[in-house]
Amino acid sequence: MTTVVHIPADAGSVAVGAEWVAVAIAELAAARDQPVTIRRPGTRGAFWLEPLVEVETPSGRVAYGPVAPTDLPGLLDAGLLDGASGHPLYLGTTDEIPWLASQTRVTFARCGVIEPLDLDAYRANGGLAGLERALAMEPAAVIDAVEQSGLRGRGGAAFPTGVKWRTAAEAPATRRYIAINADEGDSGTFADRMLLEGDPFAVLEGMAIAAHAIVADTGFVYIRSEYPHGVRIVEEAIVAARTAGWLGTDALGPGRAFDVEVRVGAGAYICGEETSMLESIEGKRGQIRPKPPVPAISGLWGMPTVVQNVVTIASVPPILAGGPAAYAELGVGRSRGTITAQLAGNIARPGLVEVPFGATLGELVDDYGGGTRSGRPVRAVQVGGPLGAYVDEDMLELPVDYEALAEARAMLGHGGLVVFDDTVDMAEQARFAMEFCSIESCGKCTPCRIGSVRGRELIEQIIRGEEVETSHRLLLRLCDLMEHASLCALGGLTPLPVLSALRLFPEDFGLAREAAHVV
Amino acid sequence: MWSELRDLREGVDLGTPPRSGAPVKVEVDGVEVTVPEGSSVMLAAMTAGRAVPKLCATDTLEAFGSCRVCLVEIEGRRGFPASCTTPVAEGMRITTESERLGDLRRGVMELYLSDFPAAELQGGWSEFHETVAVLGVDSHPYADRANHFALPIDDSNPYFLFDRAKCIVCSRCVRACDEIQGTFALTVDGRGFASKIVASQDEPFLQSECVSCGACVQACPSHALVEKSLFPEGYHRAESTEA
Numbered sequence: 001m002t003t004v005v006h007i008p009a010d011a012g013s014v015a016v017g018a019e020w021v022a023v024a025i026a027e028l029a030a031a032r033d034q035p036v037t038i039r040r041p042g043t044r045g046a047f048w049l050e051p052l053v054e055v056e057t058p059s060g061r062v063a064y065g066p067v068a069p070t071d072l073p074g075l076l077d078a079g080l081l082d083g084a085s086g087h088p089l090y091l092g093t094t095d096e097i098p099w100l101a102s103q104t105r106v107t108f109a110r111c112g113v114i115e116p117l118d119l120d121a122y123r124a125n126g127g128l129a130g131l132e133r134a135l136a137m138e139p140a141a142v143i144d145a146v147e148q149s150g151l152r153g154r155g156g157a158a159f160p161t162g163v164k165w166r167t168a169a170e171a172p173a174t175r176r177y178i179a180i181n182a183d184e185g186d187s188g189t190f191a192d193r194m195l196l197e198g199d200p201f202a203v204l205e206g207m208a209i210a211a212h213a214i215v216a217d218t219g220f221v222y223i224r225s226e227y228p229h230g231v232r233i234v235e236e237a238i239v240a241a242r243t244a245g246w247l248g249t250d251a252l253g254p255g256r257a258f259d260v261e262v263r264v265g266a267g268a269y270i271c272g273e274e275t276s277m278l279e280s281i282e283g284k285r286g287q288i289r290p291k292p293p294v295p296a297i298s299g300l301w302g303m304p305t306v307v308q309n310v311v312t313i314a315s316v317p318p319i320l321a322g323g324p325a326a327y328a329e330l331g332v333g334r335s336r337g338t339i340t341a342q343l344a345g346n347i348a349r350p351g352l353v354e355v356p357f358g359a360t361l362g363e364l365v366d367d368y369g370g371g372t373r374s375g376r377p378v379r380a381v382q383v384g385g386p387l388g389a390y391v392d393e394d395m396l397e398l399p400v401d402y403e404a405l406a407e408a409r410a411m412l413g414h415g416g417l418v419v420f421d422d423t424v425d426m427a428e429q430a431r432f433a434m435e436f437c438s439i440e441s442c443g444k445c446t447p448c449r450i451g452s453v454r455g456r457e458l459i460e461q462i463i464r465g466e467e468v469e470t471s472h473r474l475l476l477r478l479c480d481l482m483e484h485a486s487l488c489a490l491g492g493l494t495p496l497p498v499l500s501a502l503r504l505f506p507e508d509f510g511l512a513r514e515a516a517h518v519v
Numbered sequence: 001m002w003s004e005l006r007d008l009r010e011g012v013d014l015g016t017p018p019r020s021g022a023p024v025k026v027e028v029d030g031v032e033v034t035v036p037e038g039s040s041v042m043l044a045a046m047t048a049g050r051a052v053p054k055l056c057a058t059d060t061l062e063a064f065g066s067c068r069v070c071l072v073e074i075e076g077r078r079g080f081p082a083s084c085t086t087p088v089a090e091g092m093r094i095t096t097e098s099e100r101l102g103d104l105r106r107g108v109m110e111l112y113l114s115d116f117p118a119a120e121l122q123g124g125w126s127e128f129h130e131t132v133a134v135l136g137v138d139s140h141p142y143a144d145r146a147n148h149f150a151l152p153i154d155d156s157n158p159y160f161l162f163d164r165a166k167c168i169v170c171s172r173c174v175r176a177c178d179e180i181q182g183t184f185a186l187t188v189d190g191r192g193f194a195s196k197i198v199a200s201q202d203e204p205f206l207q208s209e210c211v212s213c214g215a216c217v218q219a220c221p222s223h224a225l226v227e228k229s230l231f232p233e234g235y236h237r238a239e240s241t242e243a
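Here the protein sequences come in this chain order: A and B. Per the numbering used here, residue 1 is the first one in the first sequence, and the count goes up by one each step. Per the numbering used here, residue 1 is the first one in the second sequence, and the count goes up by one each step.
Everything labelled a hint here was simulated from the structure, so no lab data went into it. It is possible that part of the hints are untrue.
[What the hints assert, rightly or not] Cβ-Cβ distance ranges computed for the label pairs, FRET-style:
| no. | chain 1 | residue 1 | chain 2 | residue 2 | range |
| --- | --- | --- | --- | --- | --- |
| 1 | B | 19 | A | 326 | 16 to 24 Å |
| 2 | A | 15 | B | 189 | 29 to 37 Å |
| 3 | A | 514 | B | 238 | 32 to 40 Å |
| 4 | B | 18 | A | 392 | 49 to 57 Å |
| 5 | A | 174 | B | 78 | 30 to 38 Å |
[To be verified] A few chain B residues that face chain A, going by a derived Cβ cut-off under 8 Å, partial list only:
| no. | residue |
| --- | --- |
| 6 | 112 |
| 7 | 114 |
| 8 | 117 |
| 9 | 191 |
[What the hints assert, rightly or not] Residues from chain B that face chain A, not an exhaustive set, calculated with beta carbons under 10 Å:
| no. | residue |
| --- | --- |
| 10 | 19 |
| 11 | 25 |
| 12 | 27 |
| 13 | 60 |
| 14 | 64 |
| 15 | 102 |
Computed from a prediction, not measured in an experiment: that's the story for all the values here. Idealized CB from N, CA, C, for every residue including glycine.
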């Protein structure tokens, strides 16, 4: 009898040697006349355990990790293929690893469990139930369900998904489009990548449900070029879905076509902003379009277009399958459902944590993340990507909730948490925020195009101790200008990390705490 | 010479192209005005005689929203929308002047001036100079700084030249080439601070797909693109007194 062994094939696991582990297990097992079947799912997101090797046993999957190829002879001797417990890398039954077992996996339920292109496994694990349910409903009822679930956009803006769909559905038009934003450019984020590489059918199923709801016939998945594995897997998933008949000519019923195309970005952070992404999909320079009109009214080629982040759209099938009430039951306040936090930076246990909204930042950083990797105290956490605010240790009590974070002058963004220990220089981090903006600005509006460069220069002057008071005053005024006069969120939010660093860590800028007076 | 150029301008630039929708009534600084649906707030303000400062907008081109000096306040809306890209809505109450708006506009202008050769501010006339005067800003507070003053002049075209040091990257030339002439010879190359206007694949104008129609020259608000005939003695950059 052949033993089934699962080894992740996502880019993150491959980067730490999963490919070598897969090859080595096959060879070593063959040499021992122990037949194995290697399966390559995506990752479950426990990156601190990658490469995570899972062995199927009568009592479920048993995990070992992190496994290096050199560990394998010892692991096989210790009974790896029987799921034996005698090795230091033995982690027990995968489903009982506390880090995973304590999570609420709704959107990521299948990620890392099944092979991404195995449509039978997808169905067997709850896939397509949402689409089937949706197709049995009137489009308007589907929109009602999404609205009742309380789902909000996970790309960063947290706009209510149902409202967006209703706007697009009600906008008079001859055609409508679905555009999925997989240009995941925030430093320290990887939730979109995990889904693209680990559960692409969930993305396509969500798109098909949206297409039914707003009556669209074409969808696009805009994937950053830095995700070549994701591009390949989504393209193959599209072909598989067409073959199975749930994409293509009669996807949504007889004569009701819906098909999906992949568009690959060219390495611009700004194309993760929805209007720039639409320009790029149309084959133009990735440059911000002014709003209004919002894309739901005038998007691709002037037609109503529902733009959603990967995590948002992949959350739609389970909402339809399990009913909106079950999803809305999770969470706090106006933040319903689950948040997929991505732990990165100087952290002991990096990875993806899906939990209901309301968990505190501290629970994520300390309980799941295990504190810093360096073992030194946590000094700052940047929440919400390179445009997100820094929080200090006291603020780790804040719940993960859009409104609560906004009140504390922070934002959740796409859910990235980048942790820094007490060796971090926050003036340098503030400088970097401006530099990042100056590099990634589309160059259209002046506050962002010139302001970010001036901001970097002013912070450099402060760091060099030149005209500190004047530079500081100018910097505050410039931040106010960028926040209120920029065309889009790139220029508008860059002051957030700068001002939070100034407010919480003035000593790093050579400023007295009273002198920082950032309001 | 500059005064000749000033005198050549006729009529009022409404900032954004006219529309022909149903009448919409709005209030600009207390002045009631009716404009066709689809018109911009800027057009309504201009029509009401409440001119809003502008640089990237002109009524021969579609609104673009890049310069950010035309910001206004609209009752019931958050923030400071650009009047050029915001369409009017029935009953809208618009404020074009306030201390806050003045601060923001001057802040934007200072950023422009920090990348505009100071010597070129003297004696010249262009929409850029006019806006500088309207906002009452003639200097900026930024010390050592990156700039584009040393970029070369493209004088390959027999009729006009392009002095990149005076370019404010408003894309009016690019849009004129696209929307008026339909030649698509110009584009913005690079991004962020490195964004620059180029002809074709960053070629000299004469060797590019440019057909020398002059639409870009007419559209340029800062005379970075300017006719050579204005300089019978040859074009020279103004001597900089700055370090």
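So, going through the hints one by one against the coordinates:
1. Between residue 19 (chain B) and residue 326 (chain A), the C-beta spacing of about 48 Å breaks the proposed range 16 to 24 Å.
2. The beta-carbon spacing between residue 15 (chain A) and residue 189 (chain B), approximately 33 Å, falls within the hinted interval of 29 to 37 Å.
3. About 45 Å separates the C-beta atoms of residue 514 (chain A) and residue 238 (chain B), a value inconsistent with the hinted range of 32 to 40 Å.
4. Look at residue 18 (chain B) against residue 392 (chain A): about 54 Å separates their beta carbons, and that is inside 49 to 57 Å.
5. About 33 Å separates the C-beta atoms of residue 174 (chain A) and residue 78 (chain B), a value consistent with the hinted range of 30 to 38 Å.
6. Hint status for residue 112 (chain B) relative to chain A: holds, with the closest Cβ pair at about 6 Å, below 8 Å.
7. With its C-beta approaching chain A no nearer than about 6 Å, residue 114 (chain B) sits inside the 8 Å limit, and its interface hint holds.
8. Because the closest C-beta pair between residue 117 (chain B) and chain A is about 15 Å apart, greater than 8 Å, the hint is violated.
9. Checking residue 191 (chain B) against chain A: minimum C-beta separation of about 5 Å stays under 8 Å; hint holds.
10. With its C-beta approaching chain A no nearer than about 14 Å, residue 19 (chain B) sits outside the 10 Å limit, and its interface hint is violated.
11. Checking residue 25 (chain B) against chain A by beta carbon gives a least distance of about 19 Å; that is not within 10 Å, so the hint is violated.
12. For residue 27 (chain B), the suggested interface contact is broken, since its CB lies about 20 Å from the closest CB of chain A, more than 10 Å.
13. Using the Cβ-Cβ criterion of 10 Å, the hint placing residue 60 (chain B) at the interface with chain A is not satisfied: the shortest such distance is roughly 18 Å.
14. Look at residue 64 (chain B): its Cβ gets to within about 8 Å of chain A, closer than 10 Å, so that hint holds up.
15. With 10 Å as the threshold, the beta carbon of residue 102 (chain B) stays out of range of chain A, its nearest partner Cβ sitting at about 12 Å, so the hint is violated.
Against the hints set out earlier in the document, violations occur for numbers 1, 3, 8, 10, 11, 12, 13 and 15.
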